[in-house]
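J.: Chain by chain, the residues:
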Amino acid sequence: MQAVSGNQAQRSESSRLFALLQRISSELIRSAQGELARAIDGALADMGQALSADRALIATRDANGNVVQYAWHRNGTNGRRSTSDGDPLDLALGGLQLEDTLVCDNRKRLPVTLRAPKQLKISSAIVVPLNGGKTEGVLALAAKSPRSWRPDAVAATERLADLLSAGLERMATQSSLGKEQAKRVHAEAETLKLRDQLAHAGRVSMLGELAASLAHELNQPLTAIYTNAQAAQRFLDRSRPDLSEALNALHDLGQDCRRAGDVLGRLRQMFRRHETERVPLGAGVLVEHVLMLLHEDAVARGVEIKLDVEPDLPLVRGDRVQLEQVLMNLLVNAFEAVAGIPSGPKQVTVRAYARDGFVEVAVLDSGKGIARNELERIFEPFFTRKPNGMGMGLAICRTIVEAHGGRISADNRSERGAVFELSLPALPAADQSEGVES
Amino acid sequence: MSEDVKVCVVDDDEGVRNAISRLLKAAGYRACTYASAQALLSEPRPADAVPTVVLTDLRMPGIDGIALAEQLACEAVPPAVVFLSAHGDVAATVRAMKDGAVDFLEKPVREDDLFEALGRAVARSREQIVHLQGLRDLREKVAKLTPRERQVFALVVSGLINKEAAWELGISEKTIKVHRARVVEKMGARSLPDLVRMAGRLAIPLDAGIPPRAQARAAG
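Residue numbers (my numbering), protein chains in the order written: chain A, 1 to 438; chain B, 1001 to 1220.
It should be emphasised that the hints constitute simulated quantities derived from the structure, not laboratory data. Errors might be hidden in some of the hints.
Between beta-carbon pairs, the in silico distance windows are [unchecked claim]:
no., chain 1, residue 1, chain 2, residue 2, range
1, B, Arg1120, A, His251, 28 to 38 angstroms
2, B, Gln1071, A, Asp411, 52 to 62 angstroms
3, B, Arg1120, A, Glu288, 52 to 62 angstroms
Only a predicted model underlies this, so the values are computations on that prediction, with no experimental measurement involved. No residue lacks a Cβ here, since even glycine has one placed at the ideal position from N, Cα and C.
Using the sequences and the hints, build the whole thing.
T.: What follows is the structure, encoded as structure tokens:
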């Protein structure tokens, strides 16, 4: 039994190391040029901790022949140093040329360059040559006490050496990039930014198009309904009422009502189509994602954003895209409200908290607020306060929120500005453990 | 409606078309419906001109409201045009106004607004018909004048007194007086200013009846 549990412990240790390497790998790949050094430091620290080592160090030479090293030390010192700083471990590694991994369980097996400097206090180490010995330099993990390194620790260190030498190589190439290439990298970043902006614009214009076509489709039957009603009244409001013409008008009026109902039915179906996509969601994650999408917007308008999400919020069930659309609408409105004020702070605050079985998300702005008579009509379709507004944004928000069994309301704050509150039913505690989509 | 007035309703939406036509009939108008601009344009025009209003949608497949108004403006007796369209066609509205539409109504329209606009349009159409009818009558009268009478007509309305006119044409002042009396009678004019007004409407050039001798003198 003990052997089995020992195997299990080892297996879980292996999978932990594997997961760590995966993470390090993806971090190194994702890191931009300026972040690589920090990613390498982080990788050394993580691996040093994971293997309970006391030191982790990688040393190599740059294109000019200078030794470059990154070191992690259990007692805190971390970072990039040059040889002139005279780190004893670096000096020790400087003279080390390896063709294969060196695993030393105790002091006696350490190469003389590592064993000699007493202040190093190293008793055991794994030393891996970079690029299988083709590049000058090594990765070393060392411990103060004698240690028999497990094979998976050795394998993980070798894999780390591959990852880090790839990272160092990337840095060396990128630091020697000419101006042209730097420009290209800049252009790529610009493209990414543009793509984000397009994605945002796309969402907004999609909403606008939907509203415009809905407005047109509904206006035709409404015109017919209104006109038939007026005609029927005229036929009846005579000294000798024309009943047959009035009946014809009412018959057509009924047909037109059905036509208007069909338009709304199609719209409802459009929302219902997503019902199967309703999943447990964290309000905080939703807010953060939308704020990320709107980041450029906020910066461009000089808006200061405060985020206040209560910890351990219960989940809600909903369509992520639709709810994000609602939040985006409220936030863009808030940005516009504060962007227009001549003085004072341009603040937008987003709060998320739980209350009475509901998750509440409040968007507060420091703008001019909303006039009392407008407050009553603000969620009505075609009601707009913007010169080019369609008056559909908040109407659609309300439709979406109510389809989720929630409520949306607007009010003025006691201090400056307006507040829009969105409340969605919290999932029952029993469902809270379901997988969260982020 | 004591007077015969015709309203042509042009809309590609059958429900809207029929409802508007029904409301117009309820108010005593004679209404005809057309599913497209093409349908209206291909219909032969009646010989007797009655005040006519075309109440048309702006956005239609094929020929749209604006293009329809442009084509109608070229007809012998152009009807008055009223646009009836959906919320928000601002740019189109501006163009419609520039093209001389009497009114622009937004759907759905209140009956008071509709009938007010129709009243104005009918008045405009009637004026147009009266104007064109008067012009036709005058042309018929002018056609009945003799060539000499036409010469006298032109000289008299250009402000020449009988003596001058007689000298211009090389005839006696007495003969001029006879011709002049005939012109006034045949044209049905009440006075000289009335005759001048008629000449203006007929766009008779002021020197039309003046022979070269007088033109040379006028130039010198």
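J.: Please go over all the hints and tell whether each is borne out by the structure.
T.: Verification of the supplied hints:
Taken as a hint, the range 28 to 38 angstroms holds for the pair Arg1120/B and His251/A, whose Cβ atoms sit roughly 32 angstroms apart. In this structure the hint that Gln1071/B and Asp411/A lie 52 to 62 angstroms apart at CB holds, the actual value being about 55 angstroms. Against the hinted window of 52 to 62 angstroms, the Cβ-Cβ separation of Arg1120/B and Glu288/A comes to about 59 angstroms, which satisfies the hint.
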